[in-house]
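K.L.:
Below are the chains, spelled out letter by letter.
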Amino acid sequence: AQRVTQPEKLLSVFKGAPVELKCNYSYSGSPELFWYVQYSRQRLQLLLRHISRESIKGFTADLNKGETSFHLKKPFAQEEDSAMYYCALRGTGANNLFFGTGTRLTVIP
Amino acid sequence: NAGVMQNPRHLVRRRGQEARLRCSPMKGHSHVYWYRQLPEEGLKFMVYLQKENIIDESGMPKERFSAEFPKEGPSILRIQQVVRGDSAAYFCASSPPSHLGEQYFGPGTRLTVT
Numbered sequence: 088a089q090r091v092t093q094p095e096k097l098l099s100v101f102k103g104a105p106v107e108l109k110c111n112y113s114y115s116g117s118p119e120l121f122w123y124v125q126y127s128r129q130r131l132q133l134l135l136r137h138i139s140r141e142s143i144k145g146f147t148a149d150l151n152k153g154e155t156s157f158h159l160k161k162p163f164a165q166e167e168d169s170a171m172y173y174c175a176l177r178g179t180g181a182n183n184l185f186f187g188t189g190t191r192l193t194v195i196p
Numbered sequence: 162n163a164g165v166m167q168n169p170r171h172l173v174r175r176r177g178q179e180a181r182l183r184c185s186p187m188k189g190h191s192h193v194y195w196y197r198q199l200p201e202e203g204l205k206f207m208v209y210l211q212k213e214n215i216i217d218e219s220g221m222p223k224e225r226f227s228a229e230f231p232k233e234g235p236s237i238l239r240i241q242q243v244v245r246g247d248s249a250a251y252f253c254a255s256s257p258p259s260h261l262g263e264q265y266f267g268p269g270t271r272l273t274v275t
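Taken in sequence, the protein lines are chains S and U. The numbers in the numbering used here rise by one with no breaks, and the one at position 85 of the first sequence is 172. The numbers in the numbering used here rise by one with no breaks, and the one at position 43 of the second sequence is 204.
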């Protein structure tokens with residue numbers, strides 16, 4: 088069975104500090120991993136996907152198959168990064184996304 | 162492109178009534194997904210539709226819930242005889258045929274059952 092775990096419901100960091108939002112997954116095949124973000128009063132939107140290997144808004148995430156993790160990182164947090172972050176998995180050939188419970192990031196000025 | 166549209170944004174129903182939630186996908190997207198988010202939980206997949214076809218309804222409750230995506234018009238998620246446990250945020254997403262994992266979400270409909 089597939090499972091996405093985000094162990095931290097809440098995470099607070101100071102502006103300019105590094106931030107890491109944890110995501111661990113359980114899946115027997117080769118999944119596709121995503122990070123979605125929801126800013127206050129906005130809709131859920133795709134932040135990045137592991138196959139793109141790109142940096143969006145200073146965030147990066149590397150898929151670690153050995154540790155089955157896909158942690159989201161940013162070296163210097165900004166106030167506008169405060170939002171709800173969801174890690175999501177799409178199984179091989181699957182139609183839908185499987186979401187974690189989310190982490191609310193607060194960047195303290 | 163206006164993005165995925167959902168209406169209503171808020172819906173209040175008494176127990177036993179019917180709820181109809183609408184979703185218009187992004188222009189050019191023929192794949193629609195419905196997710197439900199209960200308080201303190203992540204989004205849970207309900208159903209995946211293409212025009213006039215239900216492709217995967219493995220996440221739908223067996224009773225009272227149905228979904229359609231007609232040839233013309235929006236996708237509809239219908240909940241009959243609502244109960245308090247149906248209170249949740251219901252999100253619709255759409256994707257282009259070539260990137261099923263890259264889903265674009267609507268603002269959601271918050272259903273409250275009194």
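Because the hints were derived from the structure by calculation, they are not lab data. Keep in mind that a hint or two might mislead.
[As the list claims (entries may be wrong)] For lysine to aspartate or glutamate, the following DMTMM-like pairs were computed, each having C-alpha atoms within a straight-line distance of at most 25 Å:
| id | chain 1 | residue 1 | chain 2 | residue 2 |
| --- | --- | --- | --- | --- |
| 1 | S | K160 | U | E202 |
| 2 | U | K205 | S | E95 |
| 3 | S | K96 | U | E201 |
| 4 | U | K205 | U | E263 |
| 5 | S | K109 | U | E263 |
| 6 | S | K109 | U | E224 |
| 7 | S | K152 | U | E201 |
| 8 | S | K96 | S | E107 |
| 9 | S | K144 | U | E229 |
| 10 | S | K109 | U | E213 |
| 11 | S | K160 | U | E201 |
| 12 | S | K160 | S | D149 |
| 13 | U | K205 | S | E166 |
| 14 | S | K96 | U | D247 |
| 15 | U | K212 | U | E229 |
| 16 | S | K160 | U | E263 |
| 17 | S | K96 | U | E202 |
| 18 | S | K152 | S | E166 |
K.L.:
Each hint needs a verdict: does it hold in this structure or not?
P.N.:
We went through each hint and held it up to the structure:
Distance check on the hinted pair: K160 (chain S) and E202 (chain U) sit about 23 Å apart at the alpha-carbon level, within 25 Å; holds. Between the alpha carbons of K205 (chain U) and E95 (chain S) the distance comes to roughly 19 Å, so the proposed pair stays at or under 25 Å and holds. For the given pair, K96 (chain S) sits about 9 Å from E201 (chain U) by alpha-carbon distance, which is consistent with the 25 Å threshold. Annotation: proposed proximity of K205 (chain U) to E263 (chain U) holds, straight-line Cα distance about 16 Å (limit 25 Å).
Taking the CA atoms of K109 (chain S) and E263 (chain U), the gap is about 21 Å. The hint holds against a cut of 25 Å. This hinted pair does not check out: K109 (chain S) and E224 (chain U) have alpha carbons roughly 36 Å apart, beyond 25 Å. At most 25 Å may separate the alpha-carbon atoms for a hinted pair to count; K152 (chain S) and E201 (chain U) exceed this at roughly 28 Å. Our distance criterion of 25 Å between C-alpha atoms is met by K96 (chain S) and E107 (chain S), whose separation comes to about 13 Å.
Under the criterion of a C-alpha separation no larger than 25 Å, the hint pairing K144 (chain S) with E229 (chain U) is inconsistent with the structure, at around 37 Å. Our distance criterion of 25 Å between C-alpha atoms is broken by K109 (chain S) and E213 (chain U), whose separation comes to about 39 Å. With a C-alpha separation of about 24 Å, the suggested pair K160 (chain S) and E201 (chain U) falls inside the 25 Å cut-off, and the hint holds. Distance hint between K160 (chain S) and D149 (chain S) is fulfilled; the C-alpha atoms sit about 9 Å from each other, no more than 25 Å.
Distance hint between K205 (chain U) and E166 (chain S) is unfulfilled; the C-alpha atoms sit about 29 Å from each other, more than 25 Å. The straight-line distance between the Cα atoms of K96 (chain S) and D247 (chain U) is roughly 23 Å, inside the 25 Å bound, and the hint therefore holds. With a CA separation close to 8 Å, the supplied pair K212 (chain U) and E229 (chain U) stays within the 25 Å bound. Proximity of K160 (chain S) to E263 (chain U) is assessed by CA-CA distance (about 21 Å); at most 25 Å being required, the pair is judged to hold.
Taking the CA atoms of K96 (chain S) and E202 (chain U), the gap is about 10 Å. The hint holds against a cut of 25 Å. Distance check on the hinted pair: K152 (chain S) and E166 (chain S) sit about 31 Å apart at the alpha-carbon level, beyond 25 Å; violated.
The structure does not agree with the numbered hints 6, 7, 9, 10, 13 and 18 stated previously, though it agrees with the rest.
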